[in-house]
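Please put together the full structure from these sequences, using the hints given.
2 protein chains.
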Amino acid sequence: MSLIVAKFGGTSVASPERIQMVAKRVAAIKGAGNEVVAVVSAMGKTTDELVSLARALNTDPPAREMDRLLSTGEQISMTLLAMALSTLGHQAMSFTGRQAGIETDGTHEKAKIVKVSAKRIRKALDQGYIPVIAGFQGIDFNGDITTLGRGGSDTTAVAIAWGIKADVCEIYSDVDGVYTADPRVAPRAQKLTTINYDDMLELSSVGAGVLQMRAVEFARKYKVVIHARSAFTDTSGTYIKEATSKMEEAVITGIAHDTSEVKITIRGVPDTTGIAAKVFSALANNTVNTDMIIQNISEVGLTDITFTCPEADLKRAQETIESVLPEIGAREYDVDEDIAKVSIVGTGMKSSPGIAAKMFEALGEKEINILAISTSPIRLSVVVDGAQTVAAVRCLHTAFGLDSENIFKESQLSAEELAAKLQKGR
Amino acid sequence: MSLIVAKFGGTSVASPERIQMVAKRVAAIKGAGNEVVAVVSAMGKTTDELVSLARALNTDPPAREMDRLLSTGEQISMTLLAMALSTLGHQAMSFTGRQAGIETDGTHEKAKIVKVSAKRIRKALDQGYIPVIAGFQGIDFNGDITTLGRGGSDTTAVAIAWGIKADVCEIYSDVDGVYTADPRVAPRAQKLTTINYDDMLELSSVGAGVLQMRAVEFARKYKVVIHARSAFTDTSGTYIKEATSKMEEAVITGIAHDTSEVKITIRGVPDTTGIAAKVFSALANNTVNTDMIIQNISEVGLTDITFTCPEADLKRAQETIESVLPEIGAREYDVDEDIAKVSIVGTGMKSSPGIAAKMFEALGEKEINILAISTSPIRLSVVVDGAQTVAAVRCLHTAFGLDSENIFKESQLSAEELAAKLQKGR
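Chains L and P are the protein sequences, given in the same order. My numbering puts the first residue of the first sequence at 770, with every later residue one more than the last. My numbering puts the first residue of the second sequence at 770, with every later residue one more than the last.
Treat the hints with caution; some may be incorrect.
Because identical chains cannot be distinguished in the list, a pair is counted as satisfied if it fits within a single copy or across any two copies.
Pairs of lysine to aspartate or glutamate residues, derived as EDC-like cross-links and limited to a Cα-Cα distance of at most 20 angstroms, are as follows [what the hints assert, rightly or not]:
| id | residue 1 | residue 2 |
| --- | --- | --- |
| 1 | Lys892 | Asp909 |
| 2 | Lys892 | Asp913 |
| 3 | Lys793 | Asp943 |
| 4 | Lys793 | Asp829 |
| 5 | Lys960 | Asp943 |
| 6 | Lys992 | Glu1011 |
| 7 | Lys799 | Glu1106 |
| 8 | Lys1127 | Asp1003 |
| 9 | Lys1047 | Glu1096 |
| 10 | Lys793 | Glu804 |
To be clear, the hints were calculated from the coordinates, so they are not data collected in a lab.
What follows is the structure, given as structure tokens:
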């Protein structure tokens, strides 16, 4: 018998029919002799609809009210799942974040969990109930509802798993696990049986969107085992847990790509002390999240500054640059929206020299030009032309020995079609 | 400066535009130098929609979960009104039933308020906030959300008014006050400036739907002054308060009619002890709310039993009667759906003899046949043929001196058209 937390996202509870499916799934876990606690997100587009309602009344709604408003979404789905479980003959009891003992700081709209008092959940389990918990929300020291930020339900699930000492926190979604690369892009991608927290975090940070980073960080801190799996099949997914000697010792765990960034180059910047600081502090003040930064010397006394940032920040970035251009005496700037960041990630990298060389070689062989580079101890990222995304991911997947013998069934598109699709999807 | 509770129903907050109108109204009360607390219902049809969702998953949803589900409706409207007030430059803060200190017993779906701890509301007022409270809900001794039953937001408003010792509890709706009769039926009906609690309760009990009875009962018990008024005009409505010597001393305060009941007659019932008890306890067991009961002796040793009940209970009533018919040895039963209960109400009745005679005389003059009679110390009700509803209300309105010199503007229909409309509306 295991103690299992099972988390279901908004797509899984988008309609009464889907909630029924989730109920059957939860009932099956319990039926197999386990104790189970369900955590749910709001139904489908509920959160977006509530945000629209709020914005119709206030362009900058007070954060306290916004949190109270949005928290109703998960409160609706929790009661509906409890009702569906009851129809299946199970005793179920719903709990708001407050009742589940999720205590947070007072930072409305992205509160941090400071304590989990899971006594009430434990008691409900002991009484034979299936507790159903509203994700995404907690309560601050004032007794006010807070929310954990978008995707916060994953974090709720991990926190509850920690609070009740669950054996595993199962996170169900429409993806059946963590792959060595996006299987739509690299048809020979393999599903990982396990991945350690560091690799998962690093992969998430560069585009692999299976799990919320905060949830993984929380899991790493408190050693909660996550099982990322499909809500639609029974096959096992990927376990995210501490690195053990038994884990496969691949040097590179996975390849991630991210086409959601843009590259901006400011040209003809005087090569003087403090200029770069001026540019990047102005960008930071306008909440532009700059990622990779490169400074080239292109002409005598003049330099180019290149950086990447999320496409969502582009407008603010342009406004910022236009306002500092005269001040820094730069000539002009240009924007390249059609780029991709391709990253290789692996804890094993630390003890394996020559990884960078191998990466650049593989890309060079395919005549893929590297526009920028950034690194972490367990990651190497390059920026390439958007049209070369697929080729880059595939050649690196092969070069680092990640190719499966099987070709991923769902990947039927040609490299060209995929490239077009990836650009369109941006 | 007054301390005012202002309650707005579901129609008044049905859309962002209407919430903006409500916000302006609340802001105007505050702007006039008053302290104000707003109480809101769920937006428009929200509650109905949530009920449908629940029923899709469970034909008999657990009451605890149902309460939690439904309570989200008011929590959405409270935050939206707070946001709208904030847009108008007012500091507003929303409060759930729990936070507003509405403590109830544990009867889910129709909980009774046992305590109001309004400290938090008082504190928010002292800090200059406009508190916005979710109606319809409270919290029981387990810390679980309870709801007060349909229309419970009126009760919340009165309870809060009592808790903070408000000068008045203003209940805004699409009706601008309490009338001596339904102005659509009796064009010479007058708006009452004041009405005492007893008359209001009695009028509500026989069809005048301006206010929830429980709210009026609560107000009577704790001497809370209610001001029932229109959400769409600034004119004063009707004050519901204790009878004082200054109040107009009309013998009859108002005429109410109710076309939502049906009349059922069981024929050929043996005139033996215990038969009526058998019939009415069977009806009660099937939750049929019987109203008027008449027993006639029609043949030697056989009697007819006639009663009225809400049309909504008709199916259950028929099932019950069919099952007891053989047992009680009765012959048959028939149903008359086309009836109306017309009532005259007035505390003054107690000290004025001859009211019944005057009523029957007035009806007789118009050749309106009385099918059944029931009374209370301050009310006289008769059942008449549905087609005669309008004629009955009008002749009683005239007979008891309630006619205004002005004819109600909105009443443009002929008596026949009205009769048809009233029957159709059933």
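Against the structure, the hints:
1. Lys892 / Asp909: Answer is between: at 19 angstroms across copies they meet the 20 angstroms cutoff, but 23 angstroms inside does not.
2. Lys892 / Asp913: between (24 angstroms within a copy, 15 angstroms between copies)
3. Lys793 / Asp943: Intra 17 angstroms, inter 45 angstroms, cutoff 20 angstroms: intra-copy only.
4. Lys793 / Asp829: Cα proximity of Lys793 and Asp829: across copies only (18 angstroms, versus 41 angstroms in one copy).
5. Lys960 / Asp943: within (14 angstroms within a copy, 61 angstroms between copies)
6. Lys992 / Glu1011: Classified as within: same-chain Cα gap 7 angstroms, cross-chain 66 angstroms, threshold 20 angstroms.
7. Lys799 / Glu1106: neither (49 angstroms within a copy, 51 angstroms between copies)
8. Lys1127 / Asp1003: neither (38 angstroms within a copy, 79 angstroms between copies)
9. Lys1047 / Glu1096: Result: close within a single copy only, 9 angstroms intra versus 96 angstroms inter.
10. Lys793 / Glu804: within (15 angstroms within a copy, 52 angstroms between copies)
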